[in-house]
Structures are given as C-alpha cells and as structure tokens.
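Listed in order, the protein sequences are those of chains X and Z. Residue numbers for the first sequence follow our numbering, so the first one is 1 and each next one is one higher. Residue numbers for the second sequence follow our numbering, so the first one is 1 and each next one is one higher.
Careful: at least some of the hints might be erroneous.
Heads up, the list lumps identical chains together, so a pair's fine if it works in one copy or across two of them.
Listed next, the in silico BS3-like pairs over lysine-lysine satisfying Cα-Cα at most 25 angstroms (straight line) [stated by the list, open to error]:
hint, residue 1, residue 2
1, K115, K176
2, K115, K315
3, K26, K176
4, K2, K176
5, K57, K254
6, K2, K315
7, K299, K176
8, K25, K176
9, K254, K406
10, K22, K249
11, K176, K249
The set of hints was computed from the structure by calculation and includes no laboratory data.
As a plain string of letters, each chain reads:
There are 2 protein chains.
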Amino acid sequence: MKKFAVLGYGTVGSGVVELFFKNRKKIEQKAGEKMELGYILDLRDFPDSPYADCFTKSLDNILVDEDIAVVAECMGGVEPAFTYLMQCLELGISVVTSNKELIAQKGAELLAAAKTYNANCFFEASVGGAIPIIRPLHRCLAANDISAIYGILNGTTNFILNKMLSDDMSFDAALKLAQELGYAEREPSADVDGHDACRKICILSSLAFGKHVYPSSVHTEGIREISLEDAAAADALDGAVKLIASVRKLANGKILPAVMPMFVPHENLISRVDGVFNCVEVCGDAIDRAYFCGRGAGKLPTASAVMGDIIEAVKQHETVLSQDWIDDGSQDHVADISELVAGMFIRFAEPHNAIEVCEYLSQFLAERGRDGAQVSAVDNACLVNLPLTESERTKVVTALEENDWKVAHTMPVMEA
Amino acid sequence: MKKFAVLGYGTVGSGVVELFFKNRKKIEQKAGEKMELGYILDLRDFPDSPYADCFTKSLDNILVDEDIAVVAECMGGVEPAFTYLMQCLELGISVVTSNKELIAQKGAELLAAAKTYNANCFFEASVGGAIPIIRPLHRCLAANDISAIYGILNGTTNFILNKMLSDDMSFDAALKLAQELGYAEREPSADVDGHDACRKICILSSLAFGKHVYPSSVHTEGIREISLEDAAAADALDGAVKLIASVRKLANGKILPAVMPMFVPHENLISRVDGVFNCVEVCGDAIDRAYFCGRGAGKLPTASAVMGDIIEAVKQHETVLSQDWIDDGSQDHVADISELVAGMFIRFAEPHNAIEVCEYLSQFLAERGRDGAQVSAVDNACLVNLPLTESERTKVVTALEENDWKVAHTMPVMEA
C-alpha cells in the first residue's frame with residue numbers, strides 16, 4: 001500500500017482527489033498496488049467534505065508519516081510550494097506538481113534534489129494540461145535530436161483568437177466573453193500577455209535542450225495588438241493567427257525561445273486547433289514532426305496528468321534521469337529575438353491592389369537574391385513565405401511604406 | 001555499459017542502427033549509461049557494411065553473450081520472431097519490437113513471459129510509427145477510464161484518400177501513384193483492405209481495455225469501395241472520408257473494435273490529418289480527448305520509436321506492469337459490428353434536390369422520435385448526424401429508395 005498527499009484543494013487539487021476515488025480500482029491496477037489518499041493540505045476548512053478526515057494545515061503532519069510515498073503539489077506560486085517540495089525530496093518522498101511557475105523558476109533545483117535523494121519530481125501537468133508531452137518528449141522521443149518545438153500552450157488566448165474570427169468580434173469583446181465563460185481571469189494579463197505560455201515554453205526548452213531557460217530570458221508578446229482585421233486577413237491568406245510559444249535550435253548552437261502571435265499556414269495542423277485546446281509540435285531528426293493535442297487546462301484534464309504522475313511515482317523506484325537539466329547560472333545559451341529568421345505576414349492600413357503588391361514585393365526580393373515566388377496577397381494583407389532575417393524584414397516594410405502602402409501590423413510566419 | 005542487438009536488417013532494423021550511431025551521445029545520456037551495438041541478426045550478408053563485424057546468422061551467438069541487455073526485433077511476421085523473443089525473455093533479456101503482426105497475435109503471451117522472467121517487452125513502434133502512443137496511453141493517461149479510441153493508423157490509405165480529392169483521381173489512379181512513390185506495396189492488400197490498421201487497433205484495444213483482441217474478431221473494411229464522388233461529397237458536407245480504426249466501450253460492457261471508412265466532420269482534428277500522417281484520438285473520462293499525430297511509417301520515424309524503447313529497456317530494471325493484458329482464450333468481450341450506433345453519410349447514385357432530401361429525411365426521423373434537425377444535404381449526398389442503430393440505418397436507406405432516391409454508398413459518421 002502506498003499513501004499519497006495532495007497540497008492545495010483548489011480546482012486542480014480537488015480534481016485529483018475526485019479522480020482518484022472515481023477510478024481508484026483502475027489507478028491501483030496501473031500502479032500495481034493499493035493506494036490511499038493520506039492527506040490534503042489546505043489552510044481553509046472543508047468540514048462538509050467527504051474527505052474531511054484527510055485535511056491538515058501543516059506539512060509536518062505529512063512529512064512524519066512514513067507511509068507517504070508521493071506528494072502532489074497543486075497550490076501554484078513559487079512559495080511555499082518550492083520549500084514544501086524540497087522538504088519532501090530531502091526525505092526521499094517523490095513529488096508531483098502541476099505548477100508551471102514553480103518548474104519554470106526552480107525546475108533545475110528540484111530535479112537535482114530528486115537525484116540527490118533518489119526520489120522523483122514529475123511535472124506532466126505543468127505543460128499542456130491533459131496532454132501527455134513531458135514524458136513522451138524525454139522518453140519516447142529520447143533518440144531524437146530535437147530541432148524545434150512549437151505550441152499553442154494557452155487555451156484562453158486560443159479561444160479569444162478563434163472567437164474573433166468565427167463570431168466577428170473585437171479582441172475586447174472576445175476577452176469579455178472568455179471571462180464570462182470562466183476561461184479567462186478577471187485580471188487576464190498572465191494569459192493575454194503571454195506569461196503563462198512563456199513559463200510552459202521555458203519548461204519544454206529546458207527539458208529538450210538540457211539547460212534551464214528562465215522566463216525573463218524569453219521574448220514574450222501577447223495578443224492585445226491582434227485585431228479582427230488580422231484574423232480575417234490571415235484566414236484569407238489560408239492560415240490562422242495563433243499565439244505560438246516556440247523554441248528552435250539555431251545554427252550557432254544557441255536556442256531561441258519566444259512567445260508571440262504568428263501566422264500559421266493551414267498546411268500545419270496547429271492552425272486547425274481551435275477553442276481552448278492546446279497543441280504541441282515537436283520536430284526531431286528521426287521523427288520529422290509529431291503533434292500532441294488536447295485540453296490544456298481544466299479540473300479533470302489537469303488532474304489526469306497529476307494522477308498519471310502519482311501512479312508513475314508509485315511504480316518508479318529509481319530517479320528518472322532522462323528528464324534532467326542543468327542550471328549553471330548563465331543564460332548565454334538563449335539567443336536574442338533579433339536572431340529570428342522567419343517569413344512575414346503584413347497587414348496594410350488600407351486595401352491595395354493585391355496583384356500590384358505581389359509583383360512589387362516579388363521583384364524587390366528577387367533583386368536581393370531571394371525567391372520572389374513565395375509572395376501572396378489579398379486586398380489588405382500579404383504573405384512573404386520565405387525565411388527572412390530581421391534586417392531583411394525591416395527592409396521589406398521600409399520598401400512597402402516608401403511605395404505608400406502603409407503597414408498596420410506584421411507577424412512572423414510559423415514554418416509549415 | 002549495456003549491449004543491444006537488432007534482429008533483421010531491413011528498413012526499420014537498419015534505421016535503428018543508423019539512428020544509434022547518429023545520436024549515440026544523446027541516446028547514452030538519456031539511458032544513463034554507455035551503450036553498444038552488439039549484434040545484427042540477418043540471414044543475408046552485408047560485407048561492405050561499416051557494421052560488418054556485428055552481423056550474425058544465429059540467435060544463439062546473441063543469447064550466450066551475457067552483456068546483452070536488450071534485443072530489438074525488426075524482422076516482421078509472427079515466426080521466427082515470436083520464438084526468438086520468447087528465448088530472449090526466458091533468459092531475462094528485455095525485448096523491443098516494431099512488429100504489429102506479432103503483438104496483435106502474441107502480445108499477451110510475450111507480456112506474460114516478460115513478467116515471469118522480470119524483463120520487459122516494449123512495442124511503441126508497432127502502432128503509429130514515430131508517434132508516441134503506447135507509453136502515453138498506459139502511463140500518462142493511466143488515471144482515465146478510456147471510452148473510445150479512433151485513429152488513422154495507416155498512412156498509405158490516408159495518402160490515397162487525400163490524393164483522390166486533392167488531385168481529382170480515381171482510387172485506382174491514386175493507388176498507382178502511392179505505389180510509384182513507394183508508399184504502397186505491389187501487393188497492396190494489407191494496406192488498402194484494412195488488415196494493417198486492424199492489427200494496430202487490436203493492440204490499442206488490448207492495451208486500453210486489458211484483454212487480448214484478435215484481428216479475426218474485428219470487423220475490417222478497406223477503402224476499395226470509396227470513389228472520388230464519395231470524397232468530393234464528404235468535402236461538400238464539411239468533412240472528409242478517412243479509414244478509421246476505432247474501438248469503443250459499449251453500455252453492455254463489451255468493446256466494439258472496427259476498421260472502416262468513415263465520414264469525419266471537419267470539427268474533428270482527425271479530418272485534417274493528411275498525406276501519410278497517422279493520428280490517434282484517445283477519449284477518456286478525465287481528459288475528454290487527446291490527439292497524437294505524426295509519421296506512421298518510414299525508416300527513421302519507426303527507428304525513433306524502437307530506439308526510444310531500447311533506451312527505456314536499458315533504464316527500466318523492473319517489469320512495467322501497466323502495459324499488461326490478459327488472454328483467457330475467449331473473445332466474448334468483443335461486440336459484433338451490428339451493435340454499431342452511428343450517424344450516416346449517404347451518397348446517391350444521381351443528383352437530387354438537397355432541400356427536398358433534407359425535408360423528407362427530417363420528417364421521416366421526427367416521426368420516429370428522432371431529432372430531424374440533424375440532417376444536411378448537398379445535391380448528391382446527405383448526412384444524418386445523429387446516432388442510429390443498424391436497424392434505423394436500414395430503415396433510412398429503404399425509405400430513401402422507396403422515394404426513388406437510389407443510394408450508391410453509405411458510411412458511418414465518426415463522432416466529432
């Protein structure tokens with residue numbers, strides 16, 4: 001018999017408890033032994049809960065119980081979560097967390113402690129909610145040299161961008177709807193300004209490339225500047241605007257993580273991922289590309305990932321080293337966004353003759369030795385679908401404006 | 001240091017060897033120790049191979065080497081693969097296989113032997129090629145009660161169906177193109193008649209529901225009856241024709257596995273998976289649904305999955321029990337295809353007035369207590385998008401034909 005504890009009885013924590021009792025038989029079968037919910041840590045009182053006996057306000061009560069094999073942290077925030085999990089690991093108790101902020105800030109330290117004390121620190125729920133991505137990335141795809149990861153890692157912004165186009169809404173109106181439906185917080189900054197997606201791409205970058213990436217090192221743009229016109233023009237150009245969290249390995253050995261709205265061509269499955277769904281595309285030398293999609297948030301979807309990790313922690317008696325990464329204090333491995341090489345989506349302030357725009361841009365690019373054939377246009381936007389450096393992108397905008405085609409908005413193009 | 005051996009030096013086997021030497025440093029890092037290719041078993045001679053020293057024609061040479069920790073079988077076919085892997089397991093050597101025929105026929109026996117001798121039998125590459133699906137299903141999604149799995153599990157047929165629509169081709173012409181491109185065999189039956197997809201859904205069904213499902217118990221239809229008219233009409237009705245391998249849990253406790261062409265509405269991501277890509281949708285009570293997509297075949301994509309399993313076998317010193325299933329000799333848990341409840345795509349032999357068809361069918365269904373609003377039509381086809389029993393579907397066809405609307409082809413509708 002193995003006991004586990006849940007820290008924090010909010011949405012995710014209560015989902016974990018609910019799921020355990022709902023599917024207990026199946027869960028114990030997968031774990032290979034009987035399991036028991038030992039404790040729920042929460043500062044609030046839940047006298048009417050069917051699990052009232054399990055509640056405690058002190059971590060010490062959990063730590064002194066020698067039957068506790070796994071502690072699942074669902075509190076959020078860096079502290080006290082970090083201190084609590086370090087205390088568990090130091091006693092050889094494996095930990096599981098859904099806390100992306102914690103892993104994005106303290107992942108390397110937690111993983112090092114897990115190794116030192118021969119325990120495990122699992123965090124499948126911290127990226128992509130229900131979507132299995134952490135374990136597939138470092139286990140199933142372990143033989144690959146990963147070249148890039150692209151993802152829709154925030155369901156709220158995906159819902160908003162989707163609604164703008166499907167229901168002809170402004171950003172503000174779509175945000176308001178998302179708030180009414182409970183998808184967005186009253187203070188929506190973490191979602192719409194890209195911070196939530198940033199933490200998640202930090203975790204994936206650290207895991208895929210072996211060295212800790214801090215959120216402060218990552219270029220992060222949100223979707224406040226995206227207009228209905230952008231969404232409609234992208235659709236007309238056979239693509240979609242998505243908030244893409246990405247990381248790619250550059251030729252100079254650095255990695256370039258970023259969170260920004262991108263034009264995603266419809267040939268890429270990511271452009272088809274709608275509503276609150278998340279999707280992660282992993283590019284590797286052996287697999288080419290693989291996609292993982294599902295619900296990126298929500299009570300039971302996130303609980304599914306936490307409970308999967310709890311089962312794994314019960315079964316796994318040795319530290320899983322393949323999910324390790326280091327932190328040597330430097331962020332020199334992270335490239336600046338100015339090193340981004342990408343195609344361009346350009347929306348004009350006013351409609352223009354699409355054929356004229358295409359001809360002009362094609363010639364402009366051909367004269368500079370670039371393939372001018374990769375340009376398409378509609379009346380108020382155009383797409384340059386070939387990789388351009390920052391300086392080339394600036395030159396394109398300057399050339400267009402010198403021709404009196406005023407540029408209202410530009411976005412990089414995600415590779416198909 | 002851990003040695004591994006590869007059985008069979010065909011496309012997949014040679015891919016495994018190639019990938020190991022390409023990414024050896026990364027692979028050893030993930031495995032946590034040095035690794036070495038000990039042997040390649042093949043009856044042919046490869047005197048010019050850089051690995052000429054590793055070749056052997058006898059399994060015994062491998063079995064007597066006490067340093068061998070893992071044997072990867074990439075030969076295909078049930079025998080001698082089964083006998084070879086049983087010999088390995090009996091000596092406590094973990095085995096890895098890409099062989100879907102073997103697992104679909106002998107999976108339960110191999111898993112039981114692995115358990116008896118405290119070794120592992122991994123088979124990630126047997127379903128979905130590069131796509132991580134086996135490990136995510138039994139580990140990451142372990143806390144879910146799985147209700148259904150739907151998948152495009154054969155890239156060749158997906159390529160053919162795609163080409164028919166995109167390039168206005170007949171089935172025969174698209175098959176010929178697939179053969180020219182090397183996607184289809186000269187004898188294409190295993191792909192186009194659904195047998196390949198059938199083996200894969202047997203493996204997923206056995207894993208998800210815990211009891212062995214044999215290919216002979218599974219209703220299997222291929223795509224030979226699908227015409228360009230079907231593909232075009234499905235597109236007009238906002239969906240796509242896909243060869244879907246599926247399994248769902250019925251209310252009576254049985255499971256219903258099947259391989260058949262289905263109409264997939266565009267709201268479902270599976271309808272957007274094109275070319276030789278595979279996609280698996282897993283439905284569970286906690287996750288709702290998750291999708292896994294990628295290259296379902298090919299040298300390096302399949303080698304990626306095999307090598308991932310080899311790494312796992314090196315790291316994993318205890319039998320992984322969560323991927324276990326039983327075989328008690330009975331197939332009573334498998335329902336007959338007559339128990340299928342699904343919507344209907346109906347193509348007519350000649351064009352008709354779409355509005356008349358809609359009105360007639362809506363009234364017909366409403367009179368029988370079914371929601372008549374779920375009918376849509378184009379000039380040569382219609383869609384009844386509500387779950388109908390086999391007898392209800394028969395009645396619909398009879399009613400249409402009595403009205404002189406001759407039915408050319410019907411397909412079940414996949415749930416969105």
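Against the structure, the hints come out as follows:
With identical chains, the CA atoms of K115 and K176 are never at most 25 angstroms apart, being 45 angstroms at best within one copy and 55 angstroms at best between copies. Taking CA atoms no more than 25 angstroms apart as the test, K115 paired with K315 passes in both settings, with 17 angstroms inside one copy and 15 angstroms between copies. Taking identical chains as interchangeable, the C-alpha atoms of K26 and K176 are never at most 25 angstroms apart, the minima being 40 angstroms within one chain and 47 angstroms between chains. For the homomeric pair K2 and K176, neither the shortest alpha-carbon distance inside one copy (45 angstroms) nor that between copies (58 angstroms) is at most 25 angstroms.
Proximity of K57 to K254 under the C-alpha cut-off of 25 angstroms is found in neither arrangement, the shortest distances being 45 angstroms within a copy and 45 angstroms between copies. Proximity of K2 and K315 under a CA criterion of 25 angstroms is satisfied in both settings, with 10 angstroms inside one chain copy and 23 angstroms between copies. Taking the closest pair of Cα atoms, K299 and K176 come within 25 angstroms of each other only inside a single copy of the chain (22 angstroms); across copies the shortest separation is 49 angstroms, beyond that limit. Taking the shortest Cα distances, K25 and K176 never come within 25 angstroms of each other, neither inside one copy (42 angstroms) nor across copies (50 angstroms).
For a Cα distance limit of 25 angstroms, the shortest separation of K254 from K406 qualifies neither inside one copy, at 35 angstroms, nor across copies, at 64 angstroms. In this assembly of identical chains, K22 and K249 lie within 25 angstroms of each other by CA distance solely across copies; the values are 18 angstroms between and 43 angstroms within a copy. Proximity of K176 to K249 under the C-alpha cut-off of 25 angstroms is found in neither arrangement, the shortest distances being 37 angstroms within a copy and 39 angstroms between copies.
Hint compliance for this structure: hints 1, 3, 4, 5, 8, 9 and 11 are not met, and every other hint is.
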